[in-house]
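Throw the hints in and build the complete structure from the sequences for me.
Counting from 9, one number per residue, gives the positions in the sequence shown under the numbering used here.
Just so you know, these hints were derived from the structure itself, not from any lab.
Predicted model, so just to flag it, every value in this text is computed and none were measured.
The reader is advised that the hints may include incorrect statements.
Cβ pair distances, simulated, as ranges [unchecked claim]:
#, residue 1, residue 2, range
1, G208, E90, 37 to 47 Å
2, I27, F115, 25 to 35 Å
3, W239, P163, 19 to 29 Å
4, F93, L52, 23 to 33 Å
5, G208, S45, 48 to 58 Å
6, L218, W165, 18 to 28 Å
7, P163, G199, 28 to 38 Å
8, R196, M140, 12 to 22 Å
Straight line, CA to CA, 25 Å or less: simulated SDA-like cross-link-like pairs of lysine to any residue [stated by the list, open to error]:
#, residue 1, residue 2
9, K190, L77
10, K130, S100
11, K190, R137
Here a beta-carbon is modelled for each residue, glycine too, at the ideal position from N, C-alpha and C.
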Amino acid sequence: MMRFLRLRAWRFPLFHRMIWLLSPLLYFVSSRDLFSSFLSTFFLLLPFLFLYGAFSVLINDYFDFPFDLAAGKEVEPLSRTEILFLSSLTLSACLGLSFLLSPSLSFLSLLGLILAFLYSVKGIRLKERGWMGVGTDVGIEFLPLLFSILLLRLPRWDPDVFLFLLLYLSVQLTSQVEHQLKDLERDRRVGLKTLVTERGEEFGLRLLRLLSSLSFLLLFPLLFWFSSLPWFSPLFLSFLLFSLFHPKWNPEFPQAHRVSPLFADVFYLFLFQIFPLYLSLLMVWT
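And the structure:
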């Protein structure tokens with residue numbers, strides 16, 4: 009039982025992907041006062057997003073098992089057969105929920121799940137095909153957000169919706185490049201081919217700084233819409249002041265694995281950890 013509960017496939021979607029998706033979704037729901045009208049839909053959407061993320065992690069861990077062992081990386085405390093069985097269960101449940109939520113939109117979740125399979129499966133392994141691997145990973149992360157926006161019937165061309173979509177794409181690209189940079193030595197050691205191992209560390213660092221800067225610039229127009237939310241401005245200013253004095257943001261603070269620019273770390277912490285909590289409390293209070 010404890011082995012089952014310790015799976016990364018539960019922790020990663022819950023504390024990483026779900027948090028990232030909650031920022032735009034909670035903002036759209038709270039800013040348009042949609043919570044009451046979409047209450048049942050929203051609470052079905054959350055387990056769908058969790059299962060979608062769990063499947064993508066499980067299937068990746070299943071096919072990456074020999075590579076992770078060779079690299080000395082921590083692997084799931086289950087056999088490959090058990091991981092495959094859990095992958096099948098989460099896949100079935102995820103597809104069932106997506107069809108229950110919207111039969112006409114379920115093809116988007118199916119497409120994302122197929123991409124998650126092709127991303128790691130032996131013989132295809134899109135993750136080892138340079139830009140195609142980066143694009144596939146971004147597509148896997150982006151499709152559930154697109155599914156959610158269409159499900160909530162949000163107008164895609166509203167300026168704040170469109171900008172948040174662009175921002176989410178930019179952030180996912182940034183995250184993927186940063187992940188490849190952090191795993192560079194380990195990937196080289198086991199012979200994994202990624203965009204960064206093929207093009208080199210300097211290329212990866214330049215690309216990361218470009219994408220981080222783009223994400224940072226896309227945030228500014230969104231701050232205009234965020235500022236209309238109650239108590240947002242004092243919260244944001246308080247966070248900026250806190251970030252100036254917190255030791256993590258001190259340039260002299262030793263960080264062996266720093267690859268992302270300072271402002272990007274501050275930006276990610278606010279948008280994908282503090283902002284969802286603020287929006288959740290806002291909906292409860294109002």
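Report the numbers of all earlier hints that the structure fails to satisfy, in ascending order.
7
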